[in-house]
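Enquirer: Sequence:
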Amino acid sequence: MAFVPPTAEQLGLYLGLDEIQGDRADLLIESAVSLCETVVKPLPDGARAVVLSVAGRAYVNPQQVSYETIGPMSVQRPSGSGGLYLTKADKSALKSLAGRGGAFTVDPTPDTADPSPTWPIDVDYGIFEDYGTGWGYP
Numbered sequence: 536m537a538f539v540p541p542t543a544e545q546l547g548l549y550l551g552l553d554e555i556q557g558d559r560a561d562l563l564i565e566s567a568v569s570l571c572e573t574v575v576k577p578l579p580d581g582a583r584a585v586v587l588s589v590a591g592r593a594y595v596n597p598q599q600v601s602y603e604t605i606g607p608m609s610v611q612r613p614s615g616s617g618g619l620y621l622t623k624a625d626k627s628a629l630k631s632l633a634g635r636g637g638a639f640t641v642d643p644t645p646d647t648a649d650p651s652p653t654w655p656i657d658v659d660y661g662i663f664e665d666y667g668t669g670w671g672y673p
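Anchor point for the sequence shown: position 22 equals 557 in the working numbering, and the numbering is continuous, going up by one each time.
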């Protein structure tokens, strides 16, 4: 099944908004999909949550405001909240959804490898008569 980008209505539902600017939401979703494709291409089916998260961050706080005061009310957002970007967690989630990342093992042994020695075997080498009795041999 191919990845289907979320709709503007789904972004509004994700953000808990009754009304959403459709054109702006579509642009942000399209941009978020393009940004996610810089990490994993094609996007896996479960990437919808990451795309919504990225687009939602940009929709709610497009100018990356970290502190704002209007009259008696003020709000402080975490630094880096807002704008269109991928967090380390977003990148990790995309890689995990695509089946990439994590620990793995690479076996450099070719399939045609033979366990027998590749050097000529000297049948006369290592006979215990060559060693003296002090080495533990009779």
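Simulated from the structure, these hints should not be mistaken for laboratory data. Built from N, CA and C at the ideal position, the CB exists for glycine as well. Among these hints, one or two may not hold up.
Below 30 Å or equal to it, Euclidean Cα-Cα: the simulated DSSO-like pairs (lysine-lysine) are [as the list claims (entries may be wrong)]: (1) Lys-626 / Lys-576; (2) Lys-576 / Lys-630; (3) Lys-623 / Lys-576.
Taking CB as the label site, the calculated pair distances span [stated by the list, open to error]: (4) Gly-551 / Thr-604: 54 to 60 Å; (5) Glu-554 / Ser-609: 23 to 29 Å; (6) Ala-648 / Arg-559: 57 to 63 Å; (7) Ile-605 / Val-641: 16 to 22 Å; (8) Gly-581 / Gln-556: 24 to 30 Å; (9) Asp-561 / Asn-596: 16 to 22 Å; (10) Asp-580 / Gly-551: 35 to 41 Å; (11) Asp-561 / Pro-645: 47 to 53 Å; (12) Arg-559 / Ile-605: 20 to 26 Å; (13) Ser-569 / Ile-605: 20 to 26 Å; (14) Asp-580 / Gln-556: 40 to 46 Å; (15) Ser-609 / Gly-557: 45 to 51 Å.
Enquirer: Now, for every hint given, state plainly whether the structure supports it.
Expert: Comparing the hints with the structure gives:
Taking the CA atoms of Lys-626 and Lys-576, the gap is near 12 Å; set against the 30 Å cutoff, the hint holds. Taken as a hint, the Lys-576 and Lys-630 pair is honoured in the structure, with Cα atoms around 10 Å apart against an allowance of 30 Å. At most 30 Å may separate the alpha-carbon atoms for a hinted pair to count; Lys-623 and Lys-576 meet this at roughly 17 Å. The hinted window of 54 to 60 Å between Gly-551 and Thr-604 is violated, with their beta carbons roughly 24 Å apart.
In this structure the supplied range 23 to 29 Å holds for Glu-554 paired with Ser-609, their Cβ-Cβ distance being about 25 Å. For Ala-648 and Arg-559, the hinted distance range of 57 to 63 Å is satisfied, since their beta carbons lie about 59 Å from each other. In this structure the hint that Ile-605 and Val-641 lie 16 to 22 Å apart at CB is violated, the actual value being about 57 Å. Take Gly-581 and Gln-556: their Cβ atoms lie about 27 Å apart, and the range 24 to 30 Å holds.
Judged by the Cβ atoms, the range 16 to 22 Å given for Asp-561 and Asn-596 holds: they are separated by roughly 18 Å. At about 24 Å, the CB distance of Asp-580 to Gly-551 disagrees with the hint of 35 to 41 Å. The hinted window of 47 to 53 Å between Asp-561 and Pro-645 holds, with their beta carbons roughly 51 Å apart. As the Cβ distance of Arg-559 to Ile-605 is approximately 22 Å, the hint placing it in 20 to 26 Å holds.
Evaluation of the 20 to 26 Å hint for Ser-569 and Ile-605 yields a failure: the beta carbon distance comes to about 33 Å. Between Asp-580 and Gln-556 the C-beta distance comes to about 27 Å, which lies outside the given range of 40 to 46 Å. The beta-carbon spacing between Ser-609 and Gly-557, approximately 31 Å, falls outside the hinted interval of 45 to 51 Å.
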